[in-house]
Amino acid sequence: MGFAELRREDEPAAHRFVAQLEQATGAQTTIDAASAERQLVRLEEGDLDLVIGEFAADTPWATSVAIIEPLATRRAGKRTLELAPAARNGENRWIALVEREVRDGRGR
Amino acid sequence: MSEQRGHPKEICADMASAVRLEWWNIGWTLTYIAALGLAMGGSQAMRTAWIEDMLGLIPPIVFLIAERYERRASNARFHYGYDRVNGLGFLIAAVALAAAGLFLLKDAVTALAAQEHVTIGTVRIMGQDVWLGWFMLAAQAYACIPPFIIGRKELPLATRLRDKLLHTDALMNKANWQTGVAGFVGVALLGFGLWWADAVAAAVISAGIIWDGWRALKVAIAELNDGVPHELDGDRRADDAKAIAKALKARFPGAKVLLRETGRYIRAEVVGAEPPKGFGPDDLEIEGLDARWRLDSVAFRP
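So the sequences go chain by chain: P and Z. Counting in my numbering, the first sequence runs from 1 upward without gaps. Counting in my numbering, the second sequence runs from 1 upward without gaps.
Rather than coming from a laboratory, the hints here were simulated on the basis of the structure. For every residue, glycine included, the Cβ atom is placed at its ideal position computed from N, Cα and C. Heads up, some of the hints might be wrong.
If we take Cβ atoms under 10 Å as the criterion, some of the chain P residues that face chain Z in the derived model are [as the list claims (entries may be wrong)]: (1) V65; (2) A66; (3) I68; (4) N89; (5) E91; (6) R93; (7) I95; (8) A96; (9) R100; (10) R103.
Just need the whole structure built from these sequences, with the hints factored in.
Quick look at the structure:
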């Protein structure tokens with residue numbers, strides 16, 4: 001998994017979500033942090049399973065990767081930035097699982 | 001008819017049925033365009049089907065406009081009336097049909113070349129995560145039904161009215177339900193992980209649509225270029241035209257008979273013969289011409 005230039009205050013929410021996914025899948029994760037562009041390219045190439053980062057609602061990456069529902073949102077000027085996980089396009093079973101965990105996490 | 005107001009009485013009832021059917025066509029098409037628009041999500045195959053369905057609105061709208069014009073009588077600007085508006089509408093419908101096929105092929109080839117993997121997520125409804133593909137499948141299934149029924153109802157009317165525009169609309173409806181089936185199969189197979197299936201199905205179906213569009217375009221261009229009347233479904237010379245030519249040649253031996261099509265009507269010209277006194281097209285015995293109303297006029301060039 002990859003973190004994309006997360007703000008310090010967003011890191012706890014991102015780590016909590018990764019822990020939640022580990023519990024749901026029984027998988028061990030390794031996380032590395034890098035720039036958003038680099039992480040999304042790696043995601044697209046299949047080198048990463050998930051990237052968590054802050055994305056604008058109209059990001060041009062929206063068609064190249066599957067940006068899932070947000071863990072948190074905040075206003076930045078005229079835009080809304082969403083702290084959201086992103087998966088590789090077409091990985092539909094995995095995307096459905098991540099969506100379920102995001103929604104379940106909101107109720108906690 | 002050319003110089004008079006309205007349609008020939010023999011086809012008035014069928015024209016009224018065709019107009020009613022095209023209003024229904026537009027109404028139903030709008031409902032499934034809305035259903036597909038709400039359900040399509042990120043599916044490329046469904047987006048293609050959606051845009052194609054919107055192109056499908058062109059023939060019925062053009063038909064309704066052309067029918068209104070065709071009813072008008074001739075005037076100072078248009079001495080021969082508005083018969084050819086139907087032919088012009090036919091050209092527009094043929095272009096729309098060919099464009100729909102080309103658009104479908106382009107999208108399918110692009111999706112295959114780029115190896116586009118479509119994402120279909122879920123939505124939470126009353127605590128349950130439901131795969132959005134189910135909504136897409138339901139919308140696609142619904143979108144197949146109206147064009148299938150309306151297209152089948154249009155064919156016999158188009159044949160009786162000798163209406164190529166209506167016939168092209170029937171082909172467009174055929175294209176729409178076939179694309180709908182391809183979209184349905186594509187989304188269903190996507191659920192099983194076969195990302196390429198919908199693009200391959202779309203490419204195969206697009207070939208048939210392009211072929212129909214190309215044939216319609218050839219006939220439409222021939223008609224606007226004063227070509228010999230053609231059958232509705234291709235470039236075969238119309239049986240009505242053969243019957244008229246045979247009758248005129250028998251009545252005026254040695255003369256040359258020229259035929260052209262203006263919309264649904266046929267105009268004949270007899271070259272090298274004097275018109276008999278008081279001669280009118282209705283005086284001519286024409287064996288094998290059921291749609292007698294089709295012969296609009298016979299002109300003479302001695």
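Structure-based check of each hint:
1. About 9 Å separates the beta-carbon of P:V65 from the nearest beta-carbon of chain Z, less than 10 Å, and the hint is met.
2. Given hint, P:A66 at the interface with chain Z, holds; its Cβ is 4 Å from that chain's nearest Cβ, closer than 10 Å.
3. The interface hint given for P:I68 is met, as the beta carbon of that residue sits about 7 Å from the closest beta carbon of chain Z, less than 10 Å.
4. Because the beta carbon of P:N89 sits about 5 Å from the nearest beta carbon in chain Z, less than 10 Å, this interface hint is met.
5. Because the beta carbon of P:E91 sits about 8 Å from the nearest beta carbon in chain Z, less than 10 Å, this interface hint is met.
6. The beta carbon of P:R93 comes within 8 Å of a beta carbon in chain Z, closer than 10 Å, and the hint placing it at the interface holds.
7. Here the hint on P:I95 is kept, as its CB sits about 5 Å from the closest CB of chain Z, short of 10 Å.
8. For P:A96, the interface hint holds, since its Cβ comes within 10 Å of a Cβ in chain Z; the closest pair sits about 5 Å apart.
9. For the restraint placing P:R100 at the interface with chain Z, the shortest Cβ-Cβ distance is roughly 5 Å, inside the 10 Å limit, so the hint holds.
10. For P:R103, the interface hint holds, the least distance from its beta-carbon to any beta-carbon of chain Z being 5 Å, beneath 10 Å.
This entry satisfies every hint, going by the numbered hints stated previously.
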